[in-house]
Amino acid sequence: MILLDVTHTDSSGNPDQVVSAEVMDVLLGDPQSHLLIFTGIGLVNFGSDDGPNRDTARIRLGRTVTQLPADGQFSATVGLASIGNTESDFIFATDKVDIDLDPDGTLVLTCDLAVQGDESGLNRMSYQLNVIIQVVPPQLTALLVSNLEPSGGLNQPPGPPIFGPSVILGVGVPWGGRVVLDRPAPAPGVFVNLSSSNQPVAGVPVSVPVLAGATAGDFPGNTTGFVNVSTDITITAQLGSVQQTALVTVEPPAR
Amino acid sequence: MGGCLFPVETIISTQNFKLSLDVDQCEVESHRFCEITVSGPGRANRLVIITGIAVPAADTNSPDPLFRGDIFVKTDFIITPPDEFLNIVDGNQNLLQATYVTLADINNESEGSFIFAVDEASTQRNVDGRIQVNIRAAMQGDVTLARVAYQASILFHKAG
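One line per chain: the protein sequences are A and B, in this order. Under this note's numbering, residues 157 to 411 are what the first sequence spells out, in order. Under this note's numbering, residues 8 to 167 are what the second sequence spells out, in order.
Keep in mind that the hints were calculated from the coordinates and are not lab data. There's no promise every hint is true.
These stretches of chain B come out as covered by chain A in the derived footprint (C-beta under 8 Å, 3 or more residues) [unchecked claim]:
#, stretch
1, 26-40
2, 56-62
3, 97-111
4, 116-122
5, 150-157
Where is the CB? At the ideal position from N, CA and C, for every residue including glycine.
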């Protein structure tokens with residue numbers, strides 16, 4: 157088995173298993189339907205010193221999908237891109253192309269290879285895979301808030317702020333929030349709408365972006381406003397029809 | 008194409024050969040298509056991307072002449088009325104197509120010079136409605152052009 161990965165790079169950060177790897181993500185009429193077009197040239201470097209040599213190349217394409225596309229939902233082609241031979245009789249073949257899923261959900265292109273002949277090498281193979289996938293939209297699973305103070309205790313290095321379902325704040329202090337999705341946001345990302353039950357005291361931006369591939373997005377809250385009494389404020393996040401809330405309590409200054 | 012016994016060898020003896028390969032007759036490996044709903048250009052509402060590896064197994068068995076000919080790949084994608092493929096974009100009078108082909112399996116069976124070539128490619132709709140990929144190919148030397156990969160992208164208007 158010849159295993160290649162489009163994301164693999166050498167020590168200089170250059171791809172060293174698949175070059176010219178591209179994926180075009182085309183949104184179709186149904187907003188959940190995407191056409192993914194993968195192209196690239198796999199550096200299979202598959203050789204033979206004489207007799208027939210056969211193997212299968214598996215190219216990890218760098219995109220995860222929830223299930224293997226069915227017949228009618230994909231098509232693929234492969235071809236010889238670079239071959240070499242120092243004697244005259246030879247065979248070079250790319251054959252039987254298919255797709256598969258690795259256990260981590262990464263889409264894989266498979267292709268049988270064959271080489272025969274003295275000093276013969278099938279150095280590179282080209283491919284194009286066209287796949288229609290249904291992108292399941294992410295669900296909003298949590299809205300968390302934080303006073304943004306570093307975590308950690310005495311004799312411990314400061315850690316990242318702790319986010320939770322509620323927070324107690326003083327007047328005139330910064331705070332922040334975090335929205336959490338159940339799966340990575342699809343390209344080009346999603347916006348989660350935000351609102352506050354008391355915008356002058358604990359204001360929030362209109363929305364927070366969750367970048368493509370991320371499962372969470374952070375937003376800053378406005379510095380808390382003045383209150384005379386302890387005030388509970390509900391922060392609401394909404395994605396599609398799903399809402400999540402968090403509680404911000406602002407305490408008045410000590411007298 | 009599980010279970011297919013693909014052609015082993017087709018001797019090419021004429022310099023303007025014609026080979027017809029049928030997806031339904033186990034003469035094409037890994038044939039597939041995916042049909043995509045689109046909204047244009049014109050009245051086109053479907054893009055179909057058809058791929059596969061045709062198995063001409065064309066063996067020259069003669070080192071001297073340059074053999075050039077046509078390979079026809081009959082796919083299993085069919086356009087029949089009321090679906091339309093003519094006069095859907097700016098009065099087109101031929102199937103709207105973009106066709107790509109490449110060498111997939113080549114054999115040189117003796118020492119000496121050789122040529123393998125895919126010179127031209129196009130896609131048409133046959134009178135029976137089947138979509139057919141046309142490949143103009145050439146070979147020279149004691150060689151076999153065993154397999155040729157193709158991708159045909161076509162546009163049409165699906166009724167209803």
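For each hint, the structure was consulted:
1. Figure legend: the stretch 26-40 of chain B, annotated as covered by chain A; annotation consistent (4 residues with Cβ-Cβ distances under 8 Å, at least 3 required).
2. Interface restraint, the stretch 56-62 of chain B with chain A: holds (5 residues with C-beta to C-beta distance below 8 Å; minimum three).
3. A stretch counts as covered by a chain when three or more of its residues have a beta carbon under 8 Å from one of that chain; for the stretch 97-111 of chain B and chain A the count is 4, and the coverage holds.
4. Here's how the stretch 116-122 of chain B fares: 5 of its residues keep a CB closer than 8 Å to some CB of chain A, so the rule of at least three is met and the hint holds.
5. Here's how the stretch 150-157 of chain B fares: 4 of its residues keep a CB closer than 8 Å to some CB of chain A, so the rule of at least three is met and the hint holds.
Consistency note: the structure conflicts with none of the earlier hints.
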